[in-house]
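K.L.:
Take a look at the letters that make up each chain.
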Amino acid sequence: MNKNKEQLLNKRYKAEKRFRLYGQGAIFMALLFLTIFIFKIFSTGYSAFQKTWLIVPVTFDAELMMLEQNPSKEDLKDADYYDIALKSMADLDPNANEDQENELKRMVSYFFEREIKRELLNDPSLIGKTKDVYLTASDDLDQVFKGNYPRDLPEDQRRVTDYQLKIFDQLVELGKVESKFNLSFFTYPDSREAELAGIASSFMGSIFSILVCLMIAFPVAVLAAIYLEEFAPKNRFTDFIEVNINNLAAVPSIVFGLLGLGILLAVFQLPRSTPLVGGITLSLMTLPTIIIACRASLKAVPPSIREAALAMGASKMQTTMHHTVPLSMPGTLSGTIIGLAQALGETAPLILIGMVAFVNTIPGSPLDPAASLPVQIYIWAESAERGFVEKVSACIMVLLGFLIIMNLFAQIIRHKFEKKWS
Amino acid sequence: MKKNGVKMIKINSKNVDVFYGKKQALFNINLDIEENQVTALIGPSGCGKSTFLRCLNRMNDVIDICRVKGQIIINDFDINDKSCDVVRLREKIGMVFQKPNPFPKTIYENISYGPTIHGMAQSKNEMDEIVETSLKKAALWEEVKDRLHEPGTGLSGGQQQRLCIARAISVKPEVILMDEPCSALDPIATAQIEELIDELKKDHTIIIVTHSMAQAARVSQNTGFFHLGELIEHGSTDKIFKNPENKKTQDYITGRFG
Numbered sequence: 000m001n002k003n004k005e006q007l008l009n010k011r012y013k014a015e016k017r018f019r020l021y022g023q024g025a026i027f028m029a030l031l032f033l034t035i036f037i038f039k040i041f042s043t044g045y046s047a048f049q050k051t052w053l054i055v056p057v058t059f060d061a062e063l064m065m066l067e068q069n070p071s072k073e074d075l076k077d078a079d080y081y082d083i084a085l086k087s088m089a090d091l092d093p094n095a096n097e098d099q100e101n102e103l104k105r106m107v108s109y110f111f112e113r114e115i116k117r118e119l120l121n122d123p124s125l126i127g128k129t130k131d132v133y134l135t136a137s138d139d140l141d142q143v144f145k146g147n148y149p150r151d152l153p154e155d156q157r158r159v160t161d162y163q164l165k166i167f168d169q170l171v172e173l174g175k176v177e178s179k180f181n182l183s184f185f186t187y188p189d190s191r192e193a194e195l196a197g198i199a200s201s202f203m204g205s206i207f208s209i210l211v212c213l214m215i216a217f218p219v220a221v222l223a224a225i226y227l228e229e230f231a232p233k234n235r236f237t238d239f240i241e242v243n244i245n246n247l248a249a250v251p252s253i254v255f256g257l258l259g260l261g262i263l264l265a266v267f268q269l270p271r272s273t274p275l276v277g278g279i280t281l282s283l284m285t286l287p288t289i290i291i292a293c294r295a296s297l298k299a300v301p302p303s304i305r306e307a308a309l310a311m312g313a314s315k316m317q318t319t320m321h322h323t324v325p326l327s328m329p330g331t332l333s334g335t336i337i338g339l340a341q342a343l344g345e346t347a348p349l350i351l352i353g354m355v356a357f358v359n360t361i362p363g364s365p366l367d368p369a370a371s372l373p374v375q376i377y378i379w380a381e382s383a384e385r386g387f388v389e390k391v392s393a394c395i396m397v398l399l400g401f402l403i404i405m406n407l408f409a410q411i412i413r414h415k416f417e418k419k420w421s
Numbered sequence: 000m001k002k003n004g005v006k007m008i009k010i011n012s013k014n015v016d017v018f019y020g021k022k023q024a025l026f027n028i029n030l031d032i033e034e035n036q037v038t039a040l041i042g043p044s045g046c047g048k049s050t051f052l053r054c055l056n057r058m059n060d061v062i063d064i065c066r067v068k069g070q071i072i073i074n075d076f077d078i079n080d081k082s083c084d085v086v087r088l089r090e091k092i093g094m095v096f097q098k099p100n101p102f103p104k105t106i107y108e109n110i111s112y113g114p115t116i117h118g119m120a121q122s123k124n125e126m127d128e129i130v131e132t133s134l135k136k137a138a139l140w141e142e143v144k145d146r147l148h149e150p151g152t153g154l155s156g157g158q159q160q161r162l163c164i165a166r167a168i169s170v171k172p173e174v175i176l177m178d179e180p181c182s183a184l185d186p187i188a189t190a191q192i193e194e195l196i197d198e199l200k201k202d203h204t205i206i207i208v209t210h211s212m213a214q215a216a217r218v219s220q221n222t223g224f225f226h227l228g229e230l231i232e233h234g235s236t237d238k239i240f241k242n243p244e245n246k247k248t249q250d251y252i253t254g255r256f257g
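So the protein lines, in turn, are chains V and Z.
Numbering that gives the first Met the number 0 numbers the first residue of the first sequence as 0 and each following residue consecutively.
Numbering that gives the first Met the number 0 numbers the first residue of the second sequence as 0 and each following residue consecutively.
Worth double-checking, as some hints may not be accurate.
What the hints assert, rightly or not - Covered stretches of chain V (chain Z as the covering partner; in silico rule of three or more C-beta atoms under 8 Å from a C-beta of chain Z): (1) 299-312; (2) 317-326.
To be verified - Which bits of chain Z does chain V cover? Going by a derived footprint, with three or more residues having C-beta under 8 Å, they are: (3) 98-106; (4) 111-118.
Read the hints as simulated data drawn from the structure, not as lab findings.
Glycine included, C-beta positions come from ideal geometry on N, C-alpha and C.
Throw the hints in and build the complete structure from the sequences for me.
P.N.:
Here it is in structure tokens:
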């Protein structure tokens, strides 16, 4: 009898030990996946924050630029920079033939003309002089310099020619190639050329979409939640509404995209590809999230506070607005931020309403065509050029950074301002 | 209090029935409450004494399924009548709850809330005065006068309950309802509140629900005994405790059940 008991006890202890082991294993697996994921993104993405520049001597020849004597600022703006830009690239190899000159030109981005112009506009006294100018290297050379480019492939299988590599290596040896922080990744809009592509347009698109989403979803959701929780009679009809709000939260996002396409674009004729339409579509998705968060935090306000206010002779409205709602705000706000973070990462509905279009301008308002960060990731991931691989990871890093900041903010609000009821 | 030997009746309830959905919680309650006296409502748990108390300021309205029948007449006016304005009624009839429930705001704001929503102070000075007198009446002034702008929830349990009493009297109610105000407090805090109740009855009519018969005997002049939703017996506290008419009352008071 006693022995049996001991065996049973041992069995129970063993079961507990096993269970702990399973739990630790599960957590280890989760952390492992997360680490691999983050490591992969960082190791491919970090190089996108560096950009390779070729330092090329440029002679600001007034004659080639078609400039008169003592040019005004306007003249400088209208001057022709293409010829001096072309010439300075060709001068890298005095013996180059016409084909090789063309190859030399393709070693830098097609912005080289603009970069030279900017230099002169900054310092008009450069006319007639020669100066080393930083020119953005082509995306392939950028990858070569970063060591991501397979140089040992046969020449006909790569986009960089042997001749370009030779000149590039000479420049590297001379110290005329430099890697600097890639500011243009943040300030340039999207581009077909990887070396010039930035996230400015999609970033602004995301910001505008989220703002539109917030301005629509927050007031509607909070009013709906307050009414349902505090004022509406509890009957079958309100139960039915509640069930449907919960259902709405579970609807796949692409369905909302179809709704936006079918109603906002087709019926109301709102401008396609704009953050306005994107924001409205996202707000439909965010609405149930905020309603549920707001109702939960209203429910969490103890009834004794409502009773205290009512017993003081406050009306229902005063009780709600003076006490219940302010006390529920931390929970509501953190729920809202989490809802917005979800909306920020949403891709499918935005693709359907046309925010996937190639946009190479930075939107100035919610009515301008724009992309959004996750859609930008999708667009770049589809691009063939090697230069976009690191951009995809870099854009994911920016998006993740934003999501982490938003979630952190939500946590802080919740922990700092939420009242603890004993 | 007697004027010319006649008891002044403040609240007069006639045939009050209360239902929670289909379940009847109170049966035909007829109870008169004397002005400027403390009336204690006693009885075992679930006997309906708190339900009756909540009828008096219509706090039962908050509960969806609760229905109240019968008349409750205060100042010649039936508060269950459709024309009765609940907000006005609750200005006249304050309430203190079982668990101290100060607003999670400052001590000052806790007191000034009622006067503010009822527009009782024209200036900051007037409000300061209301806050001070209310706190003094609740015997809390000395303890909190230097920290009026600290949160009321930071006070001790007994202080919080006195804060709630101060909040209730800030709007100068005629009647104060107390629902087991000491059940969450220690004996010292309880003694302070009981002393306070005695003081308050000069200006207010007080109805207190209590589980403690000793407390009922200490603070009240009149007592009503509830059992299973019925008012078994009521009368002066002396009589109820020393010489009850009903067998059930006697059993309860002597501790045979409840």
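K.L.:
Honestly, which of those hints from before does the structure not fit?
P.N.:
Of the numbered hints, all hold.
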